[in-house]
Amino acid sequence: MAATAATTRTDTTVARQQPTSTSGRIVRALTRAPLNVILIIVALFWLVPTFGLLVSSFRSADANAASGWWTALLHPTELTLEPYTNLLDDPTMLSSLWNTVLITVPTSVLVVAISALAAYAFAWIRFPGRDWLFLVVVGLLVVPLQIGLIPVARLYDVLGLFGTIAGVVLFHVAFGLPFAVFLLRNFFVGIPSELLEAARMDGAGEWTVFWRVVLPLGIPAIASLLIFQFLWVWNDLLVALVFAGGTTQPLTVTIREQLRSFGANIDVIAPAAFVQMIVPLVVFFAFQRYFVQGLLAGSQR
Amino acid sequence: MTEGATAGVAAGGRAAAPRVDPDGADGRSGSFRPRARRPLAIALLFLLPALVLLGALVVYPIVFSVGRSFYDATGSRFVGVENYGEIFSAESTLTAIKNNLIWVVVAPTVVTALGLIFAVLTERIRWSTAFKVLIFMPMAISFLSAGVTWRLIYEQDPETGVANAAVGAVVDVVRPPGSLPGARPSDEEAVEQTASGLETTATVTPGDTVAIGLVAIPPEQIPSGATAAAEPAAVENGVGGTVWLDFTPGGGGEPGQVDAEERGLPGVSVEAVDADGTVVANATTDPDGTFTLPDVSGDVSVRLGASNFREPFSGISWLGPALVTPAIIVSYVWIWAGFAMVVIAAGLAAIPRELLEAARVDGASEWQVFRRVTVPLLAPVLGVVFVTLVINVLKIFDLVLVIAPGSAQREANVIALQMWKTAFGARNFGLGSALAVFLLVLVIPAMLFNIRRFRAEET
Chain P
932 MAATAATTRT
942 DTTVARQQPT
952 STSGRIVRAL
962 TRAPLNVILI
972 IVALFWLVPT
982 FGLLVSSFRS
992 ADANAASGWW
1002 TALLHPTELT
1012 LEPYTNLLDD
1022 PTMLSSLWNT
1032 VLITVPTSVL
1042 VVAISALAAY
1052 AFAWIRFPGR
1062 DWLFLVVVGL
1072 LVVPLQIGLI
1082 PVARLYDVLG
1092 LFGTIAGVVL
1102 FHVAFGLPFA
1112 VFLLRNFFVG
1122 IPSELLEAAR
1132 MDGAGEWTVF
1142 WRVVLPLGIP
1152 AIASLLIFQF
1162 LWVWNDLLVA
1172 LVFAGGTTQP
1182 LTVTIREQLR
1192 SFGANIDVIA
1202 PAAFVQMIVP
1212 LVVFFAFQRY
1222 FVQGLLAGSQ
1232 R
Chain L
1282 MTEGATAGVA
1292 AGGRAAAPRV
1302 DPDGADGRSG
1312 SFRPRARRPL
1322 AIALLFLLPA
1332 LVLLGALVVY
1342 PIVFSVGRSF
1352 YDATGSRFVG
1362 VENYGEIFSA
1372 ESTLTAIKNN
1382 LIWVVVAPTV
1392 VTALGLIFAV
1402 LTERIRWSTA
1412 FKVLIFMPMA
1422 ISFLSAGVTW
1432 RLIYEQDPET
1442 GVANAAVGAV
1452 VDVVRPPGSL
1462 PGARPSDEEA
1472 VEQTASGLET
1482 TATVTPGDTV
1492 AIGLVAIPPE
1502 QIPSGATAAA
1512 EPAAVENGVG
1522 GTVWLDFTPG
1532 GGGEPGQVDA
1542 EERGLPGVSV
1552 EAVDADGTVV
1562 ANATTDPDGT
1572 FTLPDVSGDV
1582 SVRLGASNFR
1592 EPFSGISWLG
1602 PALVTPAIIV
1612 SYVWIWAGFA
1622 MVVIAAGLAA
1632 IPRELLEAAR
1642 VDGASEWQVF
1652 RRVTVPLLAP
1662 VLGVVFVTLV
1672 INVLKIFDLV
1682 LVIAPGSAQR
1692 EANVIALQMW
1702 KTAFGARNFG
1712 LGSALAVFLL
1722 VLVIPAMLFN
1732 IRRFRAEET
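Just so you know, the sequences run in chain order P and L. Following my numbering, the numbering of the first sequence begins with 932 at its first residue and continues without gaps. Following my numbering, the numbering of the second sequence begins with 1282 at its first residue and continues without gaps.
Take these hints with a grain of salt, some might be off.
Calculated cross-link-like contacts (lysine to any residue; reagent style SDA-like; alpha-carbon spacing at most 25 Å) [unchecked claim]:
{"no.": "1", "chain 1": "L", "residue 1": "K1702", "chain 2": "L", "residue 2": "P1686"}
{"no.": "2", "chain 1": "L", "residue 1": "K1702", "chain 2": "P", "residue 2": "L1190"}
{"no.": "3", "chain 1": "L", "residue 1": "K1702", "chain 2": "P", "residue 2": "L1086"}
{"no.": "4", "chain 1": "L", "residue 1": "K1702", "chain 2": "P", "residue 2": "S952"}
{"no.": "5", "chain 1": "L", "residue 1": "K1379", "chain 2": "L", "residue 2": "P1726"}
{"no.": "6", "chain 1": "L", "residue 1": "K1413", "chain 2": "P", "residue 2": "P1151"}
{"no.": "7", "chain 1": "L", "residue 1": "K1702", "chain 2": "P", "residue 2": "G1091"}
{"no.": "8", "chain 1": "L", "residue 1": "K1413", "chain 2": "L", "residue 2": "V1654"}
{"no.": "9", "chain 1": "L", "residue 1": "K1413", "chain 2": "P", "residue 2": "R1220"}
{"no.": "10", "chain 1": "L", "residue 1": "K1702", "chain 2": "L", "residue 2": "Y1352"}
{"no.": "11", "chain 1": "L", "residue 1": "K1379", "chain 2": "L", "residue 2": "V1654"}
{"no.": "12", "chain 1": "L", "residue 1": "K1413", "chain 2": "P", "residue 2": "G1091"}
Now the stretches of chain L that chain P is said to cover, found in silico as 3 or more residues with beta-carbon under 8 Å [what the hints assert, rightly or not]:
{"no.": "13", "segment": "1503–1510"}
{"no.": "14", "segment": "1519–1532"}
{"no.": "15", "segment": "1547–1554"}
It should be emphasised that the hints constitute simulated quantities derived from the structure, not laboratory data. Just so you know, these numbers come straight off a predicted model, no measurement behind them. From the three backbone atoms N, C-alpha and C, an ideal C-beta is built for every residue, glycine too.
Model the full structure from these sequences, guided by the hints.
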């Protein structure tokens, strides 16, 4: 009896997974058709907003005020590069784009460097209070950065960092650290201890073990972290709104200043917003694997 | 992408694929023979930069903010819990709290549910990778650019806003707009405006004629094909009449009279209504504005139905006070559904296929398999996704600031936005600190959840 049941089960499984006959395939395709249609509609719904912004960014202010971007699909001749050439002629836009780079790159590098050092200590150096200290880091993971705005603004006033790029960078680094340390420590801990032990046998100090063994092996996690950090800071508005000054503000703040008269400035806002999002999108498509790996950080070991 | 996102996700991934040897890793790190050098000093060197920054810019601010929240706007006077009292009594903060509550209840639920549905459905299509990339893409975009994108979508004019263009396309089919929106009778004593349209005040009998002059029709709204208006002509057993634009371009002409140079209004639907209000005859006007209501008996009044005057669809005010919060939540769902989908899909991949197959073999329908096997097995992952989203939603700021137009920012207000406005707009650091502390208190349960989870996994 039990044997029969087992056989039946196997047969059913095989039949389900591989329809052998042509008719079986057709039946399968037909039952899947509604699902495919629904998911295509969903996919379009997800694509249309970005696509609409892209098309709008190639239209003049008058064209955008008179009709929707979808009419341009029927009259492609009305598309123009002018909004983008205007953008390139706008010194404020250009300098704020440069500021975004000046804020994002140092922040990403500093977060990785500082958190890698700390993560190594948490993972591979036994010191009193280590577990307790790491729990504090875990606790800090969810602290909203709003709590830092007022006190750090005052602190920066005293230190002369208010309105400087360094001030924006340091704030980002500090609030990026808990996640960075958490991610890297969890990854470093999974490195086989024999590798470290062998290096230590050869007389390597902690720094050499860190630099020669752990850091190279940690590259996948570091890549994920680098991408996340880059995207967060590139996309930040709030921190820059509070700590950056008129000449140090990044692109997000400059775009946000144009939003007051949204309709009238759409020929400035749309291309600027597209430029603002194209960099993260390129990073996303180029490093998708690391992006998803970062999201699923814990399960990578 | 904000920082809360991945904080929870890191834990999320763990739940998705439980570690095989939960205590192996930590045991290894301590397994060296005791070192000659003092470990604490070395560890401190490695930790120093992180500890200094975390201490000065994260931990110290927490302590400072709590203290500062008990002082007034300028910090000169101790006010006790007055600032917290204001949070729960001022209209602006109460609106913010109410909206945050809506956000926390709706957004994480919808995002998690959609993520689950997408994760399950994409397992059954061939182009699942393309689908996932597309849904996940908005995660890389800033709230600012996403906000600009959605503000374009929500433009109220159906000519420029794609959301209203889509709704309008449906509405105009179901309720076609009239040809004469906004038209008024030229002689308001003879013709009155009622709920059902324009109706003659006096009744007529068969053989009579009716002249209904209309005004307030802009030139571009005159139906194409309109010719010079003709005098109403009497018919036997029926009512004849004219509907025309009672306005002579350049002046002159007499109200209520069909003058030369005045034009008929074609395509207007005309009804004869008896004393009970029943429609007894129908007609449509000719190019010269004339019409004939045949086979009428007794006293009737003549009516131009309300459908002639129906305004075209003018667009739903998505970003008006009533709909602004739901509208912004939709854009949030668009951004975050991909996150939920990817994390849940990873969890789904970790479920042993045999369990699902066994249920199917036992005769369970696909829905039952989903409801009774898949969802319970995914519960830990769903929980982590949900908590991550709750933390993220509590701090929502950019999206509201960018999408809500100035006129609706009060109605769309959220705590983080109010905190920024209070502290850096109104320069009230006391109330601002209290709002920041309030936000911190709201995420403390999530903080404890993370710590508990971490300890459980490490031991």
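Here's how the hints hold up against the structure:
At roughly 15 Å between alpha-carbon atoms, K1702(L) and P1686(L) fall within 25 Å of each other, so this suggested pair holds. About 17 Å separates the Cα atoms of K1702(L) and L1190(P), which keeps this hinted pair within 25 Å; it holds. Distance restraint check for K1702(L) and L1086(P): the Cα-Cα separation of roughly 20 Å lies within the 25 Å cut-off, and the hinted pair is therefore satisfied. Only pairs whose Cα atoms come within 25 Å are accepted, and K1702(L) paired with S952(P) is rejected, the gap being roughly 67 Å.
Between K1379(L) and P1726(L) the CA atoms are separated by roughly 20 Å; this keeps the pair inside 25 Å, and the hint holds. For the given pair, K1413(L) sits about 22 Å from P1151(P) by alpha-carbon distance, which is consistent with the 25 Å threshold. Pair hint K1702(L) plus G1091(P) holds up; C-alpha atoms about 23 Å apart against a cutoff of 25 Å. Between K1413(L) and V1654(L), the direct Cα distance comes to roughly 23 Å. Compliance with the 25 Å bound is thereby established for this hinted pair.
Our distance criterion of 25 Å between C-alpha atoms is met by K1413(L) and R1220(P), whose separation comes to about 13 Å. Distance restraint check for K1702(L) and Y1352(L): the Cα-Cα separation of roughly 18 Å lies within the 25 Å cut-off, and the hinted pair is therefore satisfied. A hinted pair counts as satisfied when its Cα atoms are at most 25 Å apart, and K1379(L) with V1654(L) does not qualify at roughly 36 Å. The suggested pairing of K1413(L) with G1091(P) is violated, with an alpha-carbon distance near 46 Å, which exceeds 25 Å.
Using a Cβ-Cβ cut-off of 8 Å, 0 residues of the segment 1503–1510 of chain L lie near chain P, which falls short of the minimum of three, so the contact claim is violated. Counting residues of the segment 1519–1532 of chain L whose CB lies closer than 8 Å to any CB of chain P gives 0, which falls below the minimum of 3, so the coverage claim is violated. For the segment 1547–1554 of chain L, the proposed coverage by chain P is not satisfied: 0 residues have a C-beta within less than 8 Å of a C-beta in that chain, short of the threshold of three.
In terms of the numbered hints stated before, the structure departs from hints 4, 11, 12, 13, 14, 15, listed from lowest to highest.
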